[in-house]
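Enquirer: Based on the provided sequences and hints, a complete structural model is requested.
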Amino acid sequence: MPKLEIDGQEVEVANGTNLVQAAEQLGTEVPHYCYHPGLPVAGNCRMCLVEIEKMPKLQIACNTRANEGMVVHTKSDRVLRARESVLEFLLVNHPIDCPICDQAGECKLQDYYMDHDRQESRIPLESKVSKGKAIDIGPMIMLDQERCILCTRCTRFLDEVTGTSELGIFERGNHCQIDLFPGVMLDNPYSGNVADICPVGALTNKDFRFRTRVWYLESTPSVCPGCATGCNIDIHHRSGEVFRYRPRHNPDVNSYWMCDEGRLSYKRYQGEGRLLQPVQRAGEDWQPIAWDAAVGRFVDVLKGDKRIAGVISAQSSNEEIFLFDQLVREQLSGQVAGHSWSPEGASSDELLIDGDKNPNTAGLTELGLTLDARKIIDSALAGEIDTLVLYGTDLTQVCTVEEIAELGDKLDAAIVLDLRYGPSLEIADLVLPIASYAEIEGSFINRQRRCQVLGRSMEPTGHSWPGWQLLTKVAGSLGAPSHDSASAVFERIADKHAAFRGLTLAGLAGLGAPLGGATSGDG
Amino acid sequence: MAVEFSKESKAHFEEILTRYPKKRAAIMPTLWLAQKDFGYLSHEVLAYVAELIEESPAFVASVASFYTMYYKKPMGRHHVQVCTNLSCALVGSDNIVNCIKEKLGIGLGETTPDGKFSLDEVECLASCGTGPMMQIDDDYWEGLTTEKTLEILEKLAAG
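Protein chains in written order, with the numbering used here: chain R, 246 to 768; chain S, 5 to 163.
Honestly, the hints are just simulated from the structure, not real lab data.
Any given hint could turn out to be false.
Under the rule of at most 20 Å between Cα atoms (straight-line distance), these lysine to aspartate or glutamate pairs were calculated in the EDC-like manner [what the hints assert, rightly or not]:
(1) S:K26 - R:D404
(2) S:K40 - S:E12
(3) R:K353 - R:E269
(4) S:K76 - R:E416
(5) S:K27 - R:E405
(6) S:K77 - S:E114
(7) S:K152 - S:D98
(8) R:K353 - R:E329
(9) S:K27 - R:D404
(10) S:K14 - S:E55
(11) S:K26 - R:E405
(12) R:K451 - R:D479
(13) R:K320 - R:E255
(14) S:K77 - R:E416
(15) S:K27 - S:E58
(16) R:K551 - R:E629
(17) R:K451 - R:E506
(18) R:K551 - R:D623
Expert: Next comes the structure, spelled out in structure tokens:
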């Protein structure tokens, strides 16, 4: 554990720590472009030059290990002059097209220019080397060769992380440029990451570009709902609309990365098709109904001596699953099953993509539910169930169209709680819209049995309610103790289930934590 | 794969591999060998070399693009390279270049329609004492005059 001094402050770091990381421990940013903690060191941008006493020349912080007794200066005059010069070099052929560049606002060239350079360019615009702009290089990515500073983060990512090596640096000197081999596209399941790690506007995300300026976005930490891996993400959103996911570093789950499928999964939760208000069946039509009346109707349907069954999907949070199970099984003595469905031939790989396209299948099993929704459907088809409650469950994933029609005949009542219009509404007598995972507080459990927290990014869409709120209200009306927050529900889970003991939603914020007790499978 | 080394070149390639600890390190002599075999480094040839040394085509193409002596387009049978660096320029390399351009009817970086000659100007070929000079294929021609230059070209055109 070497001890060293950086800008007059002493710091002790782990063996092998480089000077960028060591400075970071003191809250000091050493400006850098090519260095990325998730990639091998390249040392080509020269932006992180620092002064080390007893060394005659400035050294790059990213490729210098912290050593015992080192005295480092990151803000001396020599360092500041070097940064200014490095920036001038990096900007020699830059087209200065920030007004039309989608990276503006999160561009390290802009940021460092304002912090360290601020001089007039000595290169007239017309004598700059011009290169390709807006080159479509793959399904996710647009390339602008002029804005590139040749840091090679993208090529190192494609060499080291995906091993696909689609991009290379071609030509020489002033004419150096990032490009593809002719006839090859940048089309791999992780291609979106190159836009995240590009420190400038050279690689931009085709799904995101020009939809908003980044300074309008708010960021909420959450978990990707795309599969059972549960990559940690930041949800970037504005006025109730998600604009993109960005991977958030979690060394135990996803490192710095996420897959393209997960990255685009936000589209499923917004736009056309979301249920906006409670409705009840009125003959062939749907009739809007106020929430109080809707909850009242739901309670009435459940009351009395009825045979009740419920199915809840693995898209639901732990808090929703727990309350649903408590209501249907404990309070109403009904049957409950979890439903975890993935399409045939769902993608999966060794890196991050899991074949289980549900974020919380482990939550269902950890909370004691079976995954046998079909058994409940069979009971219902056999006329053994009066009331069926479907929570986020698409019936076409469990039964045929004919069976759905038959269910409609056999059941006294069917209540659907869901995000979106779907085939299950066919048999519904009452439909209650619930909020998406991005609109609630709660938690998921990933394939490693790691419990991770969802951030509440925005208000529920339309008049939908957070599921836990609806369920606790219904349970309360039937005489159970109610909960005033998702955290309170989680406390109850921790009381009841040994694996959750000692955990709280607040305590899990950030990186989450593994559940206690025996591991099931690959934990 | 459309392109493939001749039997001799394959043996040569195997010999090249024995010189290095990794296949990747054999990239430059392999490209050189491929250029000798196929005339120039087309995309197919680059992809073939990538397969041989087990690297990505992008990596092989990026190395090839760095060096001017790897040809990325078809070249004439004879490659005429005239030095126009300082020492040769002082003793009239401009005249030599102009006389060749006129004789062959092509500009710098171009190839004659009959595919016999390609013309380039190059930086110093380390023959400063005997300028103006040019290199044609593997041979140096020094102390050039326009007459001597035309004579050389005519001889090559006939041969």
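Enquirer: Could you run down the list of hints and mark each one as holding or not?
Expert: Outcome of the hint check:
With a C-alpha separation of about 17 Å, the suggested pair K26 of chain S and D404 of chain R falls inside the 20 Å cut-off, and the hint holds. Simply put, K40 of chain S and E12 of chain S have alpha-carbon atoms about 12 Å apart, close enough for the 20 Å limit, and the pair holds. Simply put, K353 of chain R and E269 of chain R have alpha-carbon atoms about 17 Å apart, close enough for the 20 Å limit, and the pair holds. Distance hint between K76 of chain S and E416 of chain R is fulfilled; the C-alpha atoms sit about 11 Å from each other, no more than 20 Å.
A threshold of 20 Å between alpha carbons decides the hint, and for K27 of chain S with E405 of chain R the separation of about 18 Å falls inside it, so the pair holds. The suggested pairing of K77 of chain S with E114 of chain S holds, with an alpha-carbon distance near 10 Å, which does not exceed 20 Å. Distance hint between K152 of chain S and D98 of chain S is fulfilled; the C-alpha atoms sit about 15 Å from each other, no more than 20 Å. As the CA atoms of K353 of chain R and E329 of chain R are separated by approximately 14 Å, the hinted pair is consistent with the 20 Å bound.
Among the hinted pairs, K27 of chain S with D404 of chain R is consistent with the structure: their alpha-carbon atoms are about 16 Å apart, no more than 20 Å. Simply put, K14 of chain S and E55 of chain S have alpha-carbon atoms about 13 Å apart, close enough for the 20 Å limit, and the pair holds. Of the pairs offered as hints, the one joining K26 of chain S and E405 of chain R holds, with about 18 Å between alpha carbons and a cut-off of 20 Å not exceeded. Between K451 of chain R and D479 of chain R, the direct Cα distance comes to roughly 18 Å. Compliance with the 20 Å bound is thereby established for this hinted pair.
Our distance criterion of 20 Å between C-alpha atoms is met by K320 of chain R and E255 of chain R, whose separation comes to about 16 Å. Between the alpha carbons of K77 of chain S and E416 of chain R the distance comes to roughly 15 Å, so the proposed pair stays at or under 20 Å and holds. Only pairs whose Cα atoms come within 20 Å are accepted, and K27 of chain S paired with E58 of chain S is accepted, the gap being roughly 7 Å. For the given pair, K551 of chain R sits about 10 Å from E629 of chain R by alpha-carbon distance, which is consistent with the 20 Å threshold.
Using a Cα cut-off of 20 Å, the hinted pair K451 of chain R and E506 of chain R holds, with the two alpha carbons roughly 14 Å apart. Our distance criterion of 20 Å between C-alpha atoms is met by K551 of chain R and D623 of chain R, whose separation comes to about 17 Å.
The structure shown violates none of the earlier numbered hints.
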